[in-house]
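Enquirer: Listed below are the residues making up each chain.
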Amino acid sequence: MKWIAADVEIYAKEKDYIDTALISLIPITIADGAKAAASGGEFVQLIVNEAERQLKGRVFLFPPFAYFANEQREGLVQRLGHWTRQLMEDGMKHVFYVTCDDAWKEYETQLSGRLWIVPAVPLQNMDESYKHEIVRDQTSRLLNFFISQWS
Amino acid sequence: MSDKHRVTRRQFLNYALTGVGGFMAAGTLMPMLRFAFDPILKEEAGTDMVAVADVKEITTEPKRFDFKVKVKDAWYESEEPRSAWVYKDEKGEIVALSPICKHLGCTVDWNTDKEHPNQFFCPCHYGRYTKDGTNVPGTPPQAPLDRYEYKVKDGKLYLGKAKPRGEA
Ligand code: FES
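These protein sequences, in sequence, are chains A and B. Quick note on UniProt numbering: the first sequence kicks off at 1 and runs consecutively. Quick note on UniProt numbering: the second sequence kicks off at 1 and runs consecutively.
Derived from the structure by calculation, the hints contain no laboratory data. Predicted, not measured: the structure shown is a model, and the values here were computed from it. Just so you know, nobody snuck in bad clues.
These stretches of chain B come out as covered by chain A in the derived footprint (C-beta under 8 angstroms, 3 or more residues): (1) 98-107; (2) 116-129.
Straight-line Cα separation of at most 25 angstroms, DSS-like style, residue types lysine-lysine; simulated pairs: (3) B/K70 x A/K131; (4) B/K156 x B/K68; (5) B/K161 x B/K63; (6) B/K88 x B/K156; (7) B/K56 x B/K91; (8) A/K2 x B/K161; (9) B/K114 x B/K63; (10) B/K56 x B/K153; (11) B/K131 x B/K161; (12) B/K151 x B/K131; (13) B/K151 x B/K68; (14) B/K68 x B/K88; (15) A/K2 x B/K70; (16) B/K131 x B/K88; (17) B/K153 x B/K68; (18) B/K161 x B/K151; (19) B/K68 x A/K131; (20) A/K2 x B/K68; (21) B/K63 x A/K131; (22) B/K114 x B/K131; (23) A/K2 x B/K163; (24) B/K68 x B/K163; (25) A/K2 x B/K72; (26) B/K88 x B/K114.
Backbone N, C-alpha and C fix where the C-beta goes; we use that ideal spot for every residue, glycine too.
Chain B extracted, bound-state conformation:
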């Protein structure tokens, strides 16, 4: 057998073992621990709060922060990217908006439409929202941007689930 073959096989084994190990850790261990300690968490996978930013980074100008959350679909648990637009309002309160356009789900940007400064703008069908996330009438979105649940702990901002305004 040539050298090449042996390496390939060893590589394959490596992959296979990593795969099995990862699968066992994620697929078996985690849920078991979770059931043992807190059965309610079962339904709540993906809603745990995630540290997203240092509070001192947050200004009155919306800034985009990217983070990852664990999600579970029919087949496996994976990490999915999320973003939030975060700023402090006039009262000094933190506002964390979901960037997902309420029309058909594109990602909105802050202050990128020259004709309408200081608004959130959706490049797909030109949906707009004011700084507090309220949809601008006459543009496609029919609802305000969702707001993330948040908490501040030890100078860090944690975000939870994004919820329709009024519920958050």
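Only chain A is shown next, with the shape it has when bound in the complex:
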């Protein structure tokens, strides 16, 4: 499911089945490291969109959790914790975060959802078919992670 009215309508009817929230954590900066951040964000979006397409009956893809790259981590952890608690209270059983920002690794134990970090890949310099291949490979790893967490 995506964050669009039509899917929310389905969600309202099928809550019991749609029990997994998917949130991408996207760092933003237009200073140093902007290009790497943007390209990481692009890659993450490709992967979560594809994951949603394949598992749309159970996974609800939310708008990204976006933040400035130099924001205080503690504050972010708190805000993300708030999102997660709210989603759980409202009926989600699993919350997954997908990010290209490996600074989250250090805070993993403080997060109540499960963290998935995608590798940094210079997508820009790749030809289409190779790019496709990589997104596919990364998506299928993520799908397997979901499936293993479900069972």
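Using the hints provided, position chain B with the ligand relative to the given structure of chain A.
Expert: Below, chain B with the ligand alone, put in the same frame as chain A:
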């Protein structure tokens, strides 16, 4: 002005021009041609048959083929990925099934549930279908998998629209 700025601006222009060109081609030219030659196509965007595989690649074991179709939503025309599970049945006839689970739309896989071999399996709520796409009673899906319309031409398999069984 520094070098950096000039490059950036040139890059921007490049993007802008590509954008406009692409937009003109897709947004203006194509529909006009289509109206001119075949007005009926207007409603049918996305239903044209697409070459998906060589017929000789198709065996009696379902195999997944990925392809792209053009779709038009409220704002723009884009390409969307599609997949099909394709095999030949006992009579040698080609069967092309949509992988979209009839429960809530996840993508089904072939033969991935060890307890129920040779079935299509949906990882979301464990929906199952037999090889011909019939939903297994007692699992969430309430209908068989859709079937793609297909045709074979010059040794290639073309797929059209996926339709509920009985209509295809
Ligand atoms: S979406 Fe396939 S079983 Fe629910």
